[in-house]
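2 protein chains.
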Amino acid sequence: MTQAIRKLVLLGTGLIAGSFSLALKRARLVQEVVGVGRNAANLTRAIELRVIDVASHDPAQAVQGADLVFLGTPVGQMGALMAQIAPHLSAHCIVTDGGSTKQDVCDLYRQYLPLQLSNCVPGHPIAGSDLSGASAATYGLYEGRRVVLTPLPETTAQSLALVRELWQACGAIVYEMDALTHDGVFAAVSHVPHLVSFAYMNAVLAKDNSAQCLDFAGTGFRDFTRIAGSHPDMWRDITLANQSAILADLKSNVTQLQALIDLIEQGNANELTAYINQASQARSAWGKKRSNQ
Amino acid sequence: MTQAIRKLVLLGTGLIAGSFSLALKRARLVQEVVGVGRNAANLTRAIELRVIDVASHDPAQAVQGADLVFLGTPVGQMGALMAQIAPHLSAHCIVTDGGSTKQDVCDLYRQYLPLQLSNCVPGHPIAGSDLSGASAATYGLYEGRRVVLTPLPETTAQSLALVRELWQACGAIVYEMDALTHDGVFAAVSHVPHLVSFAYMNAVLAKDNSAQCLDFAGTGFRDFTRIAGSHPDMWRDITLANQSAILADLKSNVTQLQALIDLIEQGNANELTAYINQASQARSAWGKKRSNQ
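Residue numbers (the UniProt record's numbering), protein chains in the order written: chain A, 1 to 293; chain B, 1 to 293.
Treat the hints with caution; some may be incorrect.
As the list makes no split between identical chains, a pair holds if one copy fits it or if it spans any two.
[Claimed, not checked] Restricting the straight-line Cα-Cα distance to at most 30 angstroms, the calculated cross-link-like pairs of lysine-lysine (BS3-like) are: (1) Lys207 x Lys289; (2) Lys288 x Lys207; (3) Lys251 x Lys207; (4) Lys289 x Lys251; (5) Lys251 x Lys25.
No lab work stands behind these hints: they were computed from the structure. These numbers come from a predicted model, not from an experiment.
Given only the sequences and the hints, what does the whole structure look like? Please build it.
Quick look at the structure:
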């Protein structure tokens, strides 16, 4: 039986933190939720929707007496928040987060919460959405979704187990890996596709007749470039935060494109078929494994 | 009033040709449809579904007395078919096709039907689907879809007008451009996205932990790589058929990726934001123009 949280504090009260709160409330695993944020309208909406019980603008005051603090802001704001809350955390308070890069967040824990590392459980719930804000929070967001925890060497088994059990109570499937592995995996299957899609769009825009080209773009283009419409500031931050893993994979994409260009220039039909076939087989197998996506 | 076709012959009786036939039948613009194909089961199914009225294995015999011949096979089979039918076409018979590359198909018309060029109307209906075969044919496939016609200098206004009106009767929006422009446009927004997606998949597969990476791939990956699951033979043919336009655009993608790599290596946050912003704005504008795709 998972121990219930008396006081949960959300630093940042958007989709990710809000849905975490709603799921824990439904599971009766939390008594009081305090939401901290800079946007008053969003906090008011969060109270109306019962995502939080109490709103606050002051992280330092809010975390006093908390059992669990969830950092749900963009990673770029987490360091300043950690610095603010550090002197006010109870000795037993667990700190976790929803940041989508983990080596940099682990560094922030080390820098700003050096005395609390045994209670820190870096995490990454994989549940992106185009929506944001407290009003986008839903009870079932984490049902069947993956959550990756990347514990620090100092994180105690007890802290880790609590965060794991809370996510499981939200319906999530919890994985553990080190932050380096995490960042490599997400560079490969999330960050780099975004960047390749941005680069592709800019290649189209560099054409003299780009407007005519875009006029004839169909469903293949639509799907391939959907992620190219993502938020620039968010993706600049992710890109710079996960620089080394991303650079390695982007260079590997250049190598692959160069190999493909060579095959086409040689008119090497057999090798070209094999090249496409390898990609196509792997993509089809992935889709089947995920029930025909 | 569009002149009705007494005898339409489909060379290749799959989704594209079959849906053309169904739409013309519904518009009462065709009296008899003969379907030619190598797959007996598919032809039987085409008759059952009233996609065609008569099945044949012999292109030369089938086209006798035809008013319109539609080449609906992969481009790689079109040359041999043209050679077979050339001596048997009536003087008034219009020949058109559904090939997705056009410079190479125009060359085939010149090579195999040099005496009938005034009646030849190369075309490209933009209505891809994962499905294939006569049983995938539907009445409404071309409703609101684009069809590009790339007339030869020899094509008469009358031949062009007839094919244009038939496609319009299918509900399609008809455009005209020369074959070179067509191939450039579709390299940019269809062929190259497929190839970049293949290259990306192969970059993931080249990683030591590719299985682990694919395990954490989410909706961004799903959409970005959907076209990577496309048919290898079909895409080898398209790639080799449209080599020069494709090579130019692939090289432009390498240039863009290299520029992006440089920005990341420099940690140039402002330029990186501007780079992503340009792509993101353009993609969002495209999506809005197409009613939020």
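Which earlier hints can't be squared with this structure? 5
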